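A.B. asks: Listed here are the chains, written in short residue letters.
2 protein chains.
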Amino acid sequence: MSNSIGLVEPKKVTLDKGLRLESGKELKKIELIYESYGTLNEDLSNAVLICHALSGNHHAAGIYEDEKRAGWWDALIGPGKAIDTNKFYVVCPNNIGGCHGSTGPTSINQETGEIYGPDFPMITVKDWVKCQSMLSDHLKIKKWHAVVGGSLGGMQALEWSRLFPKRIEKAGVIAAAPKLSAQNIAFNEVARQAILNDPDFEEGRYLSKNKTPKQGLRLARMVGHITYLSEEAMRNKFGRELKEEKLSFGFDAEFEIESYLRHQGDVFSEQFDANTYLLMTKILDYFDPANEHEGDLAAAFNPIEAQILVMSFSTDWRFSPDRSKEIVNALIKAKKKVSYIEVNSPHGHDSFLFADDAYVKGLSSFLES
Amino acid sequence: MSNSIGLVEPKKVTLDKGLRLESGKELKKIELIYESYGTLNEDLSNAVLICHALSGNHHAAGIYEDEKRAGWWDALIGPGKAIDTNKFYVVCPNNIGGCHGSTGPTSINQETGEIYGPDFPMITVKDWVKCQSMLSDHLKIKKWHAVVGGSLGGMQALEWSRLFPKRIEKAGVIAAAPKLSAQNIAFNEVARQAILNDPDFEEGRYLSKNKTPKQGLRLARMVGHITYLSEEAMRNKFGRELKEEKLSFGFDAEFEIESYLRHQGDVFSEQFDANTYLLMTKILDYFDPANEHEGDLAAAFNPIEAQILVMSFSTDWRFSPDRSKEIVNALIKAKKKVSYIEVNSPHGHDSFLFADDAYVKGLSSFLES
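Those protein sequence lines, which keep their order, are chains A and B. Note that this note's numbering gives residue 131 to position 145 of the first sequence, counting from 1, and the numbers run on in steps of one. Note that this note's numbering gives residue 340 to position 354 of the second sequence, counting from 1, and the numbers run on in steps of one.
To be clear, the hints were calculated from the coordinates, so they are not data collected in a lab. Owing to the predicted nature of the structure, the values given are computational and were not obtained by experimental measurement. Check each hint, because a few of them may be wrong.
Derived DSS-like pairs (lysine-lysine); straight-line CA-CA distance at most 27 Å [stated by the list, open to error]:
#1 112(A) <-> 229(B)
#2 195(A) <-> 197(B)
#3 347(B) <-> 116(B)
#4 112(B) <-> 232(A)
#5 200(B) <-> 200(A)
#6 129(B) <-> 152(B)
#7 112(B) <-> 322(B)
#8 322(A) <-> 128(A)
#9 197(A) <-> 311(B)
#10 129(A) <-> 112(A)
#11 11(B) <-> 232(A)
#12 152(B) <-> 232(B)
#13 311(A) <-> 322(A)
#14 54(B) <-> 14(A)
#15 232(B) <-> 112(A)
#16 223(A) <-> 311(B)
#17 112(B) <-> 229(A)
#18 197(A) <-> 195(B)
#19 232(B) <-> 11(A)
#20 322(B) <-> 116(A)
#21 -2(B) <-> 11(A)
#22 229(A) <-> 11(B)
#23 200(A) <-> 195(B)
#24 197(B) <-> 311(A)
#25 200(A) <-> 197(B)
#26 195(A) <-> 229(B)
#27 322(B) <-> 232(A)
For reference, chain A alone in the conformation it holds in the complex (with noise of 0.2 Å):
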């Protein structure tokens, strides 16, 4: 593969001195498995730490030995591209409450010596910003050059920015909105209702019975997907294609679009945990950094100091550009610096995973200015 870092490996850190949530409840001993790409320099100047998303891990960018697929945003990561390996020392670490190696529902309760499952705490982006800049404690990494991510990433470039204004120098906030709306929700709810409904769910204690709710969390991500999508992009791709040449008058898939949807879900449903769904889910609804202000997002930007880029997708209707508007208009209203870029692109949500020209050129010089 052209400008791919190529083989990478994840790496694990053990934080000892834990963390208060800020449900009130304390992780004693956290684990976080990251990945890093391209070399920190002599003055620690140049790292970057990549922020991921709902269904997102550690694995950003290059490939594991044994798997033929990239990380999630390779297209974005690496020698020459957007976010430049040959620049930056990247970083990317994957949650906790995650499923992929740090700390989360599928870890073992050091207290209980049992699988956490349902009883591991509810988390909000705060406690993740937070629990990053222990791991930043860890790498010595006093200041990052920028965090940068995109949808409830770059919520977390956000927070930041908020909540360390000293240990950050840009922010890049993609495909983001300031909080979610009552439909984001209602959508969010939707998939937890299918998950906590599988009678394969067991109250959350699926694991520990040898069982696990596919069913649910197929729904959970089949819905999700739809909002990933653009109508466009949809239509484009699958439009009303049938899969045999005639309508079988059954319910067995016969569009594209149908077969598509349970692909995705049926694979996400052999590879994902269904408490750290919820939780995503929930860290989304949570998120409202204007909610301690009165509701006043210019407020609670007050101490940013950090250089912020906002970017926006043209059909991305789960956070639309007025969504991202939000933000830049809070951020100009408190003073702040910041720039603002609509991306036209056909993809949805789904275009910050995507490495359109536009975008990888307005990140890019973001970054290297």
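Place chain B on chain A using the hints.
C.D. replies: Below, chain B alone, put in the same frame as chain A:
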């Protein structure tokens, strides 16, 4: 209730000659339940047929003796209302495949003596319209003054004008589309998968096992409901309001929108039949009059003689105004009598159920001109 028709009672008719369906299968005997309001005039020229949508039925207006809630289109049908029962004789049948009294999956299959369940044949909009024409014969109505419907009901009104050009004076095609988009089909598919994978679905034979796939039906309704409301309506109605003052950091419904959706799903899952829901979503997916004409919608409209009013609603994102305009443009291309009104309404797709002024005036002047 002012301007209400008052007490109404359903009637039932048995159509003995049966119907050969588009799928090739046959329904040998059909029972149709319907309601009628107002008085048929002497020259039988004031009859208006109402076609219901996905979850609708024959109870379009007025109230039953033992129920408080009026029919689903009571806001539009009644003395002095948009569809004025002082002027028109209004008929609304429950379509075949339904679950409120007409022959459908909950009926007894005369050939086997068992409940149809999943053996009920697949139906199309064309089948419905043919069946409604048999009801017209029974009622001795040679020509409808108008056939009117919203959403899937609007598709039936359009199909009436194509299939029986001599039997329909006017067609009111409200909040409809000439065919479903890939995104529309995707949402329907999620709803179907929710039902089909509910363990209580029992391959469609739940009734004979004294079960109902309530969780599946509930999820199907929840996801459907999101597409019926506009984002604006959700924001105005629920925003991010919490049920309690503080976040619970748990998975009980804590945002108002969550409990609203759960409630809608619960109520629906008590009242509707899962096999019927599956059938209705497929009828929507299959509707595509242009398909028989190599995608040429204007050619499909060639037989039409009726005056057609197409209406859409500004905040409808299920079948947006652009989809209505596809119908209008094809009708213009086919040189048909068409008028178009886009109504400003905040209610999303559900706008067709609310008696907004511009909507009422547009519809009543079309029917009465």
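A.B. asks: Each of the hints needs a verdict: does it hold here or not?
C.D. replies: Each hint, compared with the structure:
no., hint, verdict
1, 112(A) <-> 229(B), "23 Å, holds"
2, 195(A) <-> 197(B), "26 Å, holds"
3, 347(B) <-> 116(B), "30 Å, violated"
4, 112(B) <-> 232(A), "17 Å, holds"
5, 200(B) <-> 200(A), "18 Å, holds"
6, 129(B) <-> 152(B), "7 Å, holds"
7, 112(B) <-> 322(B), "21 Å, holds"
8, 322(A) <-> 128(A), "22 Å, holds"
9, 197(A) <-> 311(B), "50 Å, violated"
10, 129(A) <-> 112(A), "18 Å, holds"
11, 11(B) <-> 232(A), "16 Å, holds"
12, 152(B) <-> 232(B), "63 Å, violated"
13, 311(A) <-> 322(A), "14 Å, holds"
14, 54(B) <-> 14(A), "57 Å, violated"
15, 232(B) <-> 112(A), "17 Å, holds"
16, 223(A) <-> 311(B), "23 Å, holds"
17, 112(B) <-> 229(A), "23 Å, holds"
18, 197(A) <-> 195(B), "26 Å, holds"
19, 232(B) <-> 11(A), "16 Å, holds"
20, 322(B) <-> 116(A), "65 Å, violated"
21, -2(B) <-> 11(A), "62 Å, violated"
22, 229(A) <-> 11(B), "23 Å, holds"
23, 200(A) <-> 195(B), "25 Å, holds"
24, 197(B) <-> 311(A), "50 Å, violated"
25, 200(A) <-> 197(B), "22 Å, holds"
26, 195(A) <-> 229(B), "34 Å, violated"
27, 322(B) <-> 232(A), "30 Å, violated"
Checked against the numbered hints given earlier, the structure breaks hints 3, 9, 12, 14, 20, 21, 24, 26, 27 and satisfies all the rest.
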